[in-house]
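Colleague: Sequence:
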Amino acid sequence: MEISKNFDFISAEQKWYGHWLDKKYFESTPDDREPYTVVIPPPNVTGILHMGHCLNNTIQDILVRRARMMGKNACWVPGTDHASIATEAKVVHMLRERGIAKSSLSRDEFLTYAWEWKEKYGGIILQQLKKLGCSLDWNRTSFTMDPDYYRSVIHVFNDLYTKGYIYRGKRMINWDPRAKTALSDEEVIFKEVQGKLYFLQYQLIGADGVALPLEKASITIATVRPETILGDAAIAVNPADERYMHLIGTFAVVPLINRKIPIIGDEYVATDFGSGALKITPAHDMNDNQIGIKHGLDVVDILNEDGSLSADAQLYVGLDRFDARKKIVVDLQEAGHVVKIEEYTHQVGFSERTDVVVEPRLSLQWWVDMKKISGPALSAVEEGEINFHPAKFKNLYRHWMENIKDWCISRQLWWGHQIPAWYDAEGRFVVAMNEKEAKQKFSETFKVENPQLKQDEDCLDTWFSSWLWPFEVFKGLSNPGNKDVAYYYPSNTLVTAPEIIFFWVARMIMAGYEYTGKKPFSDVYFTGIVRDTQGRKMSKQLGNSPDLLEMIDEIGADAVRFGIMIASPAGNDLLWDKASNEQGRNFINKIWNALKLIQLWKERAKDNLSAEEITLTSDWPHEWFEARLRQVCTEMDVQMNQFKLSESLKTLYTLIWDDFCSWYLEWIKPGFEKPMDVKHLDKAISFFEMLLERLHPFMPFVTEEIYHLLRNNQPVDLCVKQIDGSFVARGEDQSVLNEAELLKSAITAIRDARVKAGIKNKEAITLYATVKDKTVWASIKELLCKQINAEAFMFTEESIADTIQLVIGGDRFFIKSEQAIDTSAQRIEIETEINYYKGFLESVEKKLSNERFVQNAKPEVVDLERKKQADALEKIKMLAESLKGLG
RNA sequence: GGAACAUUAGCUCAGUUGGUUUAGAGCAUUACUUUGACAGAGUAGGGGUCACUGGUUCGAGCCCAGUAUGUUCCA
Numbered sequence: 001m002e003i004s005k006n007f008d009f010i011s012a013e014q015k016w017y018g019h020w021l022d023k024k025y026f027e028s029t030p031d032d033r034e035p036y037t038v039v040i041p042p043p044n045v046t047g048i049l050h051m052g053h054c055l056n057n058t059i060q061d062i063l064v065r066r067a068r069m070m071g072k073n074a075c076w077v078p079g080t081d082h083a084s085i086a087t088e089a090k091v092v093h094m095l096r097e098r099g100i101a102k103s104s105l106s107r108d109e110f111l112t113y114a115w116e117w118k119e120k121y122g123g124i125i126l127q128q129l130k131k132l133g134c135s136l137d138w139n140r141t142s143f144t145m146d147p148d149y150y151r152s153v154i155h156v157f158n159d160l161y162t163k164g165y166i167y168r169g170k171r172m173i174n175w176d177p178r179a180k181t182a183l184s185d186e187e188v189i190f191k192e193v194q195g196k197l198y199f200l201q202y203q204l205i206g207a208d209g210v211a212l213p214l215e216k217a218s219i220t221i222a223t224v225r226p227e228t229i230l231g232d233a234a235i236a237v238n239p240a241d242e243r244y245m246h247l248i249g250t251f252a253v254v255p256l257i258n259r260k261i262p263i264i265g266d267e268y269v270a271t272d273f274g275s276g277a278l279k280i281t282p283a284h285d286m287n288d289n290q291i292g293i294k295h296g297l298d299v300v301d302i303l304n305e306d307g308s309l310s311a312d313a314q315l316y317v318g319l320d321r322f323d324a325r326k327k328i329v330v331d332l333q334e335a336g337h338v339v340k341i342e343e344y345t346h347q348v349g350f351s352e353r354t355d356v357v358v359e360p361r362l363s364l365q366w367w368v369d370m371k372k373i374s375g376p377a378l379s380a381v382e383e384g385e386i387n388f389h390p391a392k393f394k395n396l397y398r399h400w401m402e403n404i405k406d407w408c409i410s411r412q413l414w415w416g417h418q419i420p421a422w423y424d425a426e427g428r429f430v431v432a433m434n435e436k437e438a439k440q441k442f443s444e445t446f447k448v449e450n451p452q453l454k455q456d457e458d459c460l461d462t463w464f465s466s467w468l469w470p471f472e473v474f475k476g477l478s479n480p481g482n483k484d485v486a487y488y489y490p491s492n493t494l495v496t497a498p499e500i501i502f503f504w505v506a507r508m509i510m511a512g513y514e515y516t517g518k519k520p521f522s523d524v525y526f527t528g529i530v531r532d533t534q535g536r537k538m539s540k541q542l543g544n545s546p547d548l549l550e551m552i553d554e555i556g557a558d559a560v561r562f563g564i565m566i567a568s569p570a571g572n573d574l575l576w577d578k579a580s581n582e583q584g585r586n587f588i589n590k591i592w593n594a595l596k597l598i599q600l601w602k603e604r605a606k607d608n609l610s611a612e613e614i615t616l617t618s619d620w621p622h623e624w625f626e627a628r629l630r631q632v633c634t635e636m637d638v639q640m641n642q643f644k645l646s647e648s649l650k651t652l653y654t655l656i657w658d659d660f661c662s663w664y665l666e667w668i669k670p671g672f673e674k675p676m677d678v679k680h681l682d683k684a685i686s687f688f689e690m691l692l693e694r695l696h697p698f699m700p701f702v703t704e705e706i707y708h709l710l711r712n713n714q715p716v717d718l719c720v721k722q723i724d725g726s727f728v729a730r731g732e733d734q735s736v737l738n739e740a741e742l743l744k745s746a747i748t749a750i751r752d753a754r755v756k757a758g759i760k761n762k763e764a765i766t767l768y769a770t771v772k773d774k775t776v777w778a779s780i781k782e783l784l785c786k787q788i789n790a791e792a793f794m795f796t797e798e799s800i801a802d803t804i805q806l807v808i809g810g811d812r813f814f815i816k817s818e819q820a821i822d823t824s825a826q827r828i829e830i831e832t833e834i835n836y837y838k839g840f841l842e843s844v845e846k847k848l849s850n851e852r853f854v855q856n857a858k859p860e861v862v863d864l865e866r867k868k869q870a871d872a873l874e875k876i877k878m879l880a881e882s883l884k885g886l887g
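Residue numbers (our numbering): 1 to 887.
Hints were generated in silico from the structure; no laboratory data involved.
Hints are not guaranteed to be accurate.
The calculated lysine-lysine pairs, modelled on DSSO-like cross-linking and capped at a C-alpha distance of 27 Å, are [to be verified]:
(1) LYS816 / LYS744
(2) LYS596 / LYS644
(3) LYS23 / LYS483
(4) LYS447 / LYS483
(5) LYS602 / LYS721
(6) LYS130 / LYS602
(7) LYS756 / LYS875
The following label-pair restraints were derived from C-beta to C-beta distances [said to hold, decoys possible]:
(8) GLU582 / LYS15: 22 to 28 Å
(9) LYS606 / ALA486: 53 to 59 Å
(10) ALA825 / ALA792: 21 to 27 Å
(11) PHE853 / LYS772: 26 to 32 Å
(12) GLY517 / ASP553: 46 to 52 Å
For each residue, glycine too, the CB sits at the ideal point set by N, CA and C.
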């Protein structure tokens, strides 16, 4: 069969993915095998595939495909997240482009548009995962707003409310004035911003209750947000601050609006920052709010939900907060309250979703009391019931869990799970599964006949649904105890980004224990963040994010998978360079060419070769490669179990490129125009197949293609082939491995010597050797001669004149050639080597002449040093003889 | 401001309880090799005071302290 010059990835990808789907290889149903379950971190339904997804899903696919081939019942569950804020923002944007304002729509009308949008664009990302080769069980595709899933979310809300874990409260929250919604702490991104620090003078009030003139008595505060003085409730100073301690208990006046506020003492105030006096604005600053509560201060909320100033501000009503800031500075300057303005760099919170400055704001929201459910989740990770990879994230997790804060779960959005609370006109409410139940409950609770109720307008935080993901994808809550959840749950490995350890991972663990009494997964593998070569995060704004699908079309999914995996050290971020794709492509080309070679051999295969046709008499190369294969497979298993995927791939890459292609295939290669012995060919094909098995999880398409080209009528597809686990368990033959190392070093050293002496490849040499152990050479001298074009290999006890002399390991070699030998390069080579060993010997002897070393070091260490010394001495002696032999 | 992690070749990283030859790999680079799988190849070489300063030890890339730089998380 004719093999194309290169691997045609376009047709292979299409052919094999379609074939795998047709054969239902990715579909899983419970059986008596051990399950291996992975749930996909559901991408946003609005999302498109980017490099982060590529890394994350390639890793999952490797784990899942490997498990499938190792006899497990592998199940990888796909799905998407409704992503309330992100999706709603996109729908609002789309409506705006069509000239429709969200405010002009009813909730139902808006949701109709949103669902339309979801049906049209949602799930594009899932199609893209197929291009990457992901072996997901598509029958199990879930969505966080599927009807059953939706009901489960509402059920959990009801349940936690009934248990007293959910409450409604007026608290300081992060407010996104553009999206007009509350944000959880985790959704706020702090950025360094160059701002100004304004020093403002407040008038003091004298003993008579009358404000003193500014020039006579005042107190100066420093603030970066001068517009918020309109909401001031106090001025605080450190009670130990001698400058101000006498003022505690007196009053000051808020400039421009002349409101009287107390001066209080609180240790929170830093004496060395600003002026040492701090204005307290409980409605608009988290810390001020705490102080306000402590001191029983008034709360003056000066902002509307869109970030404009409210009536309570008295001034600049309706003006945006940033415009008001400019204006108040001018007015304060005119009134003589501004002492100075300094440049000041500080951290400002921005909304993760809309990127506007977040406003700390008091508002009535729904909360989960996290301390009530976090206990088992903390100890599960502490005690190793759930393992994090890399383990360093354990610290981070512990710290967060031990200082856990209540979770604000309400969002002022329509797209999502509507909060199941119903209110009457007076604001009395009940929590229920649905309206009917709500009416009934309300009647019972408040003794009202046929109450008129209205459901809470708000939605739940997206993460309030995705924390149920690992069991609700198996309907663990909507259909408890069903066959699937019993079999697949807990899942095995979660692969995700460290950025969402608190958003998602921690909460899944909590929900897992709360609702199933079990952990949701055993291992969590945190991937690195994909960055560009300059170490910057990939983002749309920077335009440094490559188009993944374009890349797959250009170079193939296998090359892209290889590229990202080889660049991805376990636990570190990866600086991704497009060049690593090319390394993947070259690797594919290498394997493809190995196939072409074997195909060539097949055409020349022959049984029962005549004595003249035989180029290889021994089976030693097969014995060696089998031992080497065992060794590497064992190594790979260890690496995979430690989630060192990148290292495992590197190990395999070396095995294939160097050991298989460069050594093994060369060793068994028949002579020029000679036939290939069928038994050697069959061995080679079998080894090639085993290499493909190991490589398949990393590069599924090219391996499946080659696997079928190697032999006609393969009994199974590689995708579902079962790897023979006993192969590794049998262990490898160490002596054959040692022989191979000796052979390799002899081949390289002699080839090198030939090149340096200017002996042409075509010219045969005669090789003489003085060796310690002749038996070792028995099995490898045939190959050595073949690889270095030697017509004879003879043992000798004496130096041979007019030869190139070299030392390999502990043996001496003499190369005799018809050609006139130029020994100058050889001479330099040997001299350099002698110098190296002399230096080495010196360092060893220095150690040995140190009495304290000999006395204190462990005896085996001292013995080792003695052996090093002896080896070096012998080596030097041999090299010196060789040098002398060169004449 | 607090904390965690990191700093080893031009780049990306290994380096397992301190001793296994004077620190390894891949990529990149340089020179050489063009006869049958592969120039998208082969062979060989160059390239490192293991961030810095001290300390512990017979012995430190590895342990300890401090400094610097970077990344991340928290405030």
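Colleague: So which of the earlier hints does this model not fit?
Modeller: Numbers 2, 4 and 6, in rising order.
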